[in-house]
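Asks: Residue strings, one per chain:
Protein chains: 2
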Amino acid sequence: MGGYIIIELTFLGTASAIHTKNRNHSSIVVKISDKTVLLDCGESTQKQLMYANISPMKIDIIFITHLHGDHILGLPGLLQSIAFRGRTEPLHIYGPRGIDDLIYHIRQLGYSLIGNNIITHTISEDGIVYEDDHFMVEAKQMKHTVIDYAYKIEEKRKPKFIKSKALKLGIPEGPLFGNLQRGESIELNGKIINASQVLGPPRKGIKMVFSGDTIPQESMIEFSKDADLLIHEATFANESKDKADEYGHSVAEDAALIAKEANVEQLVLTHLSNRYTNSDELTQEAKKYFENVVYADDFMTVIIENKKPVKIINANEKQTKQQEK
Amino acid sequence: MGGYIIIELTFLGTASAIHTKNRNHSSIVVKISDKTVLLDCGESTQKQLMYANISPMKIDIIFITHLHGDHILGLPGLLQSIAFRGRTEPLHIYGPRGIDDLIYHIRQLGYSLIGNNIITHTISEDGIVYEDDHFMVEAKQMKHTVIDYAYKIEEKRKPKFIKSKALKLGIPEGPLFGNLQRGESIELNGKIINASQVLGPPRKGIKMVFSGDTIPQESMIEFSKDADLLIHEATFANESKDKADEYGHSVAEDAALIAKEANVEQLVLTHLSNRYTNSDELTQEAKKYFENVVYADDFMTVIIENKKPVKIINANEKQTKQQEK
Numbered sequence: 001m002g003g004y005i006i007i008e009l010t011f012l013g014t015a016s017a018i019h020t021k022n023r024n025h026s027s028i029v030v031k032i033s034d035k036t037v038l039l040d041c042g043e044s045t046q047k048q049l050m051y052a053n054i055s056p057m058k059i060d061i062i063f064i065t066h067l068h069g070d071h072i073l074g075l076p077g078l079l080q081s082i083a084f085r086g087r088t089e090p091l092h093i094y095g096p097r098g099i100d101d102l103i104y105h106i107r108q109l110g111y112s113l114i115g116n117n118i119i120t121h122t123i124s125e126d127g128i129v130y131e132d133d134h135f136m137v138e139a140k141q142m143k144h145t146v147i148d149y150a151y152k153i154e155e156k157r158k159p160k161f162i163k164s165k166a167l168k169l170g171i172p173e174g175p176l177f178g179n180l181q182r183g184e185s186i187e188l189n190g191k192i193i194n195a196s197q198v199l200g201p202p203r204k205g206i207k208m209v210f211s212g213d214t215i216p217q218e219s220m221i222e223f224s225k226d227a228d229l230l231i232h233e234a235t236f237a238n239e240s241k242d243k244a245d246e247y248g249h250s251v252a253e254d255a256a257l258i259a260k261e262a263n264v265e266q267l268v269l270t271h272l273s274n275r276y277t278n279s280d281e282l283t284q285e286a287k288k289y290f291e292n293v294v295y296a297d298d299f300m301t302v303i304i305e306n307k308k309p310v311k312i313i314n315a316n317e318k319q320t321k322q323q324e325k
Numbered sequence: 001m002g003g004y005i006i007i008e009l010t011f012l013g014t015a016s017a018i019h020t021k022n023r024n025h026s027s028i029v030v031k032i033s034d035k036t037v038l039l040d041c042g043e044s045t046q047k048q049l050m051y052a053n054i055s056p057m058k059i060d061i062i063f064i065t066h067l068h069g070d071h072i073l074g075l076p077g078l079l080q081s082i083a084f085r086g087r088t089e090p091l092h093i094y095g096p097r098g099i100d101d102l103i104y105h106i107r108q109l110g111y112s113l114i115g116n117n118i119i120t121h122t123i124s125e126d127g128i129v130y131e132d133d134h135f136m137v138e139a140k141q142m143k144h145t146v147i148d149y150a151y152k153i154e155e156k157r158k159p160k161f162i163k164s165k166a167l168k169l170g171i172p173e174g175p176l177f178g179n180l181q182r183g184e185s186i187e188l189n190g191k192i193i194n195a196s197q198v199l200g201p202p203r204k205g206i207k208m209v210f211s212g213d214t215i216p217q218e219s220m221i222e223f224s225k226d227a228d229l230l231i232h233e234a235t236f237a238n239e240s241k242d243k244a245d246e247y248g249h250s251v252a253e254d255a256a257l258i259a260k261e262a263n264v265e266q267l268v269l270t271h272l273s274n275r276y277t278n279s280d281e282l283t284q285e286a287k288k289y290f291e292n293v294v295y296a297d298d299f300m301t302v303i304i305e306n307k308k309p310v311k312i313i314n315a316n317e318k319q320t321k322q323q324e325k
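So the protein sequences, as listed, match chains R and L. Using this note's numbering, you'd call the opening residue of the first sequence number 1 and step up by one each time. Using this note's numbering, you'd call the opening residue of the second sequence number 1 and step up by one each time.
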């Protein structure tokens, strides 16, 4: 049965405020249906996109969690590059209060070339902020040192079309089936037939949540309930719980407990403090509470597909595959 | 004889407007006497510094050639990073008209942390813009699509102290020698002795010039006369001379002819258009007129030392050396 969509996302940056040789500042690129979406855009995101073989010209929408430098300073370069290459298609940028000012000031940096195709959307309350035929994006305010939104990307899966019901109602096979499948009402022999008469119950679509930077939030459990994938920040290990509190961050254990309560399928941690040379300690702490967890590396890819387990492809595996070709 | 200084510079970015996987946007880091200087600061410069094992905390002065994005968009990240790490020492930034506005708008990008230790200096005419005991920097306006300055960094070499002359004047060996060596006058037995009486003729210091982006300029010949090193942009090969003119750039041959007329020791080309997969064609075109030329790669290092030939260490050699350790 058609209509499924796949989410394929790649981590472009998994560092916190201070990047390292292996971890760039925050950004995740998400391909979903016919759209390419960025979640945050730290410095060098356009370069990371190049290494991930994704053209910046393809980005349709950018969701910014919050306006700290390590999540936004890739925007000036990205916006200038696409303008320089002649892009005129609209690029939509969503973010909290201040996103408009940010783009205004980016336009003033030197001899900037940015066109009028950059459209900002200021999020001022929780709720659905984007919606098309295939998916929707919901924002929920978290708790950081500045306003920060988590984002949920969710497939809008159409209910199943039950052919036997349609035939029983006397609807002939043909274009009318298509109208009903799309949820439209039809008229047949002077009678109105609603789509609901031939469609099955609502079906769960695939769903992923990205926390942005935040102190662990009770509300995240409901927000990420039954999600296929929760990407949650885990800047510190347990021993630095006090630092996490002070700077508005989570420890790995926090994220694991939320993932468990929310019954998500896969937890991916990100936003590693540069005090850690690797993420093993954090992953182990999370595993005590939630088995299905990995710490993201730059260029790690996650694929979410209906009725299949969430698939993780780390950067090394990709290189190996390319070498095998 | 002491007093010599060494210039050691590393190319952090050698691309033109569109970066590639191997070439970052423009920046050169220059170590000279006790100072670390940046020439331009394209996006990802702080990451390139990390790969070059140079801390952004060490940068004392930044000279910006012009305010196009590919030469400045590393500033927001660099300035925020050093502020985040608690740097309070002044950082001086020199550039053409607009440099002040640039830093103003960089401060407005999101929740910016930049301190009041960033000091801008607007260059409005040709001449010496920086000077300390060891070296000076001279700016000269070039010709690009926007205001662009070339910079010359020149050692201030002290004249030789001639001991025999000092002894003949009856000056006792000791601290007075130091005063005279430093160019100060002294009083001895009621008589004033000027340093010039015991110092030799002025001595040529080491000297390097960086063109920034420019159409070839006649005035560059005088500006870079007898320099140890001329770093000149060469964005295009000969076949695109029309494009070079249109966009305010030089071809490799232009740079070579200037280097020849100026009698420089070493020419290094940079700012390669992304239309070229490698720089061989441009280097060959330059070699027809000037033998001592290389095209810069990211992380190539150049060392200039008095009475020694200019030394080029390419990135591969450095890696090999590190592996040997």
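Each hint should be verified, as a subset may be incorrect.
What the hints assert, rightly or not - Pairwise CB distance ranges, derived in the manner of DEER restraints: (1) E8(R) x N263(L): 51 to 59 Å; (2) E8(R) x I313(L): 57 to 65 Å; (3) E8(R) x D100(L): 57 to 65 Å; (4) K225(L) x D60(R): 50 to 58 Å.
Stated by the list, open to error - What the simulated footprint calls covered on chain L by chain R, stretch by stretch (three residues with Cβ under 8 Å from a Cβ of chain R suffice, anywhere in the stretch; the number is not a length): (5) 81 to 92; (6) 240 to 254.
Said to hold, decoys possible - DSSO-like cross-link-like pairs, simulated, lysine-lysine; straight-line CA separation at most 30 Å: (7) K21(L) x K31(R); (8) K318(L) x K318(R); (9) K243(L) x K58(R); (10) K21(R) x K21(L); (11) K168(R) x K35(L); (12) K21(L) x K318(R); (13) K243(L) x K311(R); (14) K21(L) x K35(R); (15) K243(R) x K58(L); (16) K21(R) x K243(L).
Treat the hints as calculated values from the structure; they're not laboratory data. Heads up, the beta-carbon is just placed ideally off N, CA and C, and yes, glycines get one too.
Asks: Are the Cα atoms of K21(L) and K318(R) separated by 30 Å or less?
Replies: 17 Å, holds
Asks: Hint check: K21(R) vs K243(L), CA-CA at most 30 Å. Holds or violated?
Replies: This hinted pair is violated, its Cα atoms lying about 36 Å apart.
Asks: Below or equal to 30 Å on CA atoms is what counts here, so check K168(R) against K35(L).
Replies: 85 Å, violated
Asks: Tell me if the straight-line CA distance from K21(L) to K35(R) falls inside 30 Å.
Replies: 24 Å, holds
Asks: A range of 51 to 59 Å was offered for this pair. Does it hold for the Cβ distance of E8(R) and N263(L)?
Replies: 58 Å, holds
Asks: Could you check the hint for me, namely that K225(L) and D60(R) are 50 to 58 Å apart, CB to CB?
Replies: 53 Å, holds
Asks: So does E8(R) sit 57 to 65 Å from I313(L), Cβ to Cβ?
Replies: Violated, since E8(R) and I313(L) (Cβ atoms, about 41 Å apart) do not stay within the stated range.
Asks: Compare the distance between the alpha carbons of K243(L) and K58(R) with 30 Å, and conclude whether the hinted pair is satisfied.
Replies: Satisfied, since the Cα-Cα distance of roughly 27 Å is no more than 30 Å.
Asks: Next pair to validate is K318(L) with K318(R); report whether the Cα-Cα distance is within 30 Å.
Replies: Holds - the C-alpha atoms of K318(R) and K318(L) are around 28 Å apart, at most 30 Å.
Asks: Going straight from one Cα to the other, do K243(R) and K58(L) come out at no more than 30 Å?
Replies: 27 Å, holds
Asks: Does K21(L) lie within 30 Å of K21(R) when you go C-alpha to C-alpha?
Replies: Since the Cα atoms of K21(R) and K21(L) sit roughly 16 Å apart, the hinted pair holds (cutoff 30 Å).
Asks: Taking 8 Å as the Cβ threshold, is the statement that the region 240 to 254 of chain L is covered by chain R upheld or broken by the three-residue rule?
Replies: Answer violated; 0 residues pass the 8 Å Cβ test.
Hints 2, 3, 6, 11, 13, 16 from the list above are not met by this structure, while the remaining hints are.
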